[in-house]
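Residue strings, one per chain:
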Amino acid sequence: MSTLKQLASKFLGHDSVFARRTAGGIQPPPFKEHSLRSRIMSTPIPPQLTIPIGPESSGEITRLVDIADQVLKYQKLAVISFSAKGRSDVPVHAPTSGVITSIENSIVADHSQQQQLCINLTVDGHDEALLLKPHTNHSQLSSADLVALIRDAGVIGMGGAGFPTADKLSAYSVLPIEFLIINAAECEPYISADEALLRERANRVVLGAEILKRACAAQRCIIAIEDTKPDAIAAIKQALLNEASNQQCCELVIVPSKYPAGSEKQLIQCATGIEIATGQHPTEHGIIMHNVGTAYAAYEAIIEGKPCISRFTTLCGQALKTPKNFEVLIGTAVGFLFELCGIEANKKQKSIVGGSLMGSELGNDKAATCKTTNCLIAASSNELQAPKAERACIRCGYCADACPSKLLPQQLFAFSKTLDTTQLLEHGILDCIECGACDYVCPSQLPLVSTYKESKKLIETRRQSLEYSDYWQQRFQFRQYRVKKEKDQALSRKLDAPLQSMQAAERAPKNKNNEADFISKEQASRDIAAAVARVKARRNEKNK
Amino acid sequence: MSALQAGAPFQHSGRNITQLMQTLMYALLPGIFASLWFFGFGILINIAIAITFAVLAEAAMLRLRNRDIRSHLGDRSALVTALLFAIAIPPGSPWWLVALGIVFAIVIVKHLYGGLGQNPFNPAMCGYAMLLLAFPLEMTGWHIPFEVITEPQSTDNLGILILTAEREFLSPLSWGGFKQALLLAFPFVASGVIDISEFVDGLAMATPLIEFKMAGKSAILAARESGASLFARESETAWEIINISYLFGGLFLLYKKIISWHIPLAIIATVFVLAALFYAPGSVAIYGTPYLHLFGSATMIGAFFIATDPVSAATTRPGKLVYGIVIGVSIYAIRVWGSYLDSIAFAVLFGNFCAPVLDQYCRPRIFGHGLRSKSRPNEAPVNRE
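Residue numbers (the numbering used here), protein chains in the order written: chain B, 7 to 550; chain C, -15 to 369.
Bear in mind the hints are in silico, worked out from the structure with no lab data behind them.
A virtual CB, placed ideally from N, CA and C, is assigned to each residue, including glycine.
Each hint should be verified, as a subset may be incorrect.
What the hints assert, rightly or not - Examples of chain B residues lying across from chain C (beta carbon under 7 Å, computed):
no.	residue
1	F88
2	G369
3	A398
4	S456
Construct the complete structure from the given sequences, taking the supplied hints into account.
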């Protein structure tokens, strides 16, 4: 591969990167044109914000404000500490000024659909802000400073996983980083937030990428984008030209458009040719991947000194009259955003958070947007409907052709039906990334991914129960051992008691060196020997 | 179950089984038309009988298995089985032969093993193989319509009138050809009118390969030598055209991505390589040219339509390649060294036997598995300023 690369760079005249083939994939209709018709808009400040802090299970939450407190824009509201998981803290900031009315659990528009602890903020409309501390010249800051600033700004992975960016960046302290890949391969249908962001603010994204590159001390930075986004590609090229003075900070790699090109390991393979083994972390190969939105957030955090209080979210679906991309304040209700896009409530059949292939249905439009809400779909009754008729699997193998992990989905499905966990593991069910490509192509319209999710849960519960039973078996065996040992000890103590007291007596003279003790010791040992002899005699008699 | 329904993905390609089966049937059309052109209405009558009995058997089995008849019949899988079966059966076969075979295929091979998607063997080929074993005589000839003109011409020495049948080719697509095909299929209709036994026995026309095996002179080569055009409507070149038609149908399926290239390519390449290896001009005739082996018999329909039946074939990509090679070797071996005249059905069934094992052992490497553990060189930490 490296020779090929050298050859390519010889022909192209510079150290270029090129896209490699990845396995599987599908090409669903993207449905992005509607939301890309207009420019990114900022939302008006909603009267009420429900700012998610995080599910209580995820980490320890430290509240910095209380009910009835007046807060200012950018003020730190709470900190989630992941120290138990070996991660750093993520602060949450106020998107605007107002009064905190309550702190309670409510639904958040993200994939997990869990209840999260949220701060309810009644907006006062003045939008009074704290003074920001911009660092216009980021090259004066060290990597550690950059990471600390990004951490303090509460930046997390904007692509959907929501992993604290600072933690990902600080991997450089353990392993040297060769590649920083900026993921602009927004492959899932309906989502266009990254494309819109690049189209309009490529300069800032490139600057953000440069900041991230310096923060993780990466040698090279690659921006990976799909070939179906010509406007965004042109914008990046322009931005890279503008930055040309700064040597070559980033390289652009155009990857073929297919779903799921933007999946982490697939994109790494596509952009660098490196296949990350199961269970390995990309940093072990010197690779870190960040989303475009994260790069933009890093730009804001450093250059503008602004904490992460908003994100870019696509609003689309046939029930919306004017689908578009919004810069959304964290905590805005989904329903409020739908209203802004002119929702036809009677047309809306369901709301989906995320894209059409990996998103999840949102039960309630009052749910608040969070830092990972990349797309909200108000689907009408003639789009994104569950297939009508499920058929038997005819083993056509289209799913295997579509699978980016080169699994055999039809076999996994059969083993899931028979709950054969051994074969499931053997066939690599844990390598399933749940992208939904197999579902998409299945002519029998089987619910494959949902079945695999169930199977994974089953495997997990079986593993746990096995662990529990092992644990309790150990405990039980230990108890038996202990009981037996105690019994034995009791017996031997009974037998050894004379000896022990003799030993004790031996030790005694060192302290008290008088004759009486000596005598008593000899006397005692004689007595003891006699007693032992008696016991033995009695036993022998008994045995006879 | 509701939890399963609600999950992602929400988008679907819109492809369904009905569509697949429909496309498969369209792809069979050129081959069917070619057969019709050369062999007359026999194939259509076969198809009609097979479809009728397939639908009846399918409906009855669905009823017995408490399945919704309308929606399951609607997937057209029974129709495809019927079509493939009808094409394999010699035109001019009696109706009961076709009916028996297709009912066996649908009831026993398909539904008794659990219906669509569960049958380990290709139903059409199982039906065909059963008939070949039970009724070898009826299964070995391809009938070409003849006009039979009987004239009392002479008496022999003993004064017994001899009926000498003067045989004359007649257009398979003419009314006479149609009538004859009907009579062949439904002999009871004709029993009172004509003594049919005579031309049933006499007018069978073997495939070129069979001729090769039996006689040693290739009809195709003979036709070529005598300057016959490929497109002249002569039965000598019929098999070529029919195979080419099925090849086009198969390419259409590949283009539509209904089938993958693995199985057909493996079969065709294997047959080609074996035929080329063993090709011995002048010696025993059956070691014919690769061309004869590919286009002189049913290789194309077998490779593109029968072996690719997804239910009974291997399903992994490497497995499909091995499966194709197994079938290719079997086709050639049975043809050349076996005692059966043609071999697609047995070869495919043998492939079906191997499929589960192939699926188990010919698995693609899972992404991220089985990599050499490449430990990164222990570089000095990068200067962090």
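- Which of the stated hints cannot be reconciled with the structure, identified by number in ascending sequence? 1 and 2
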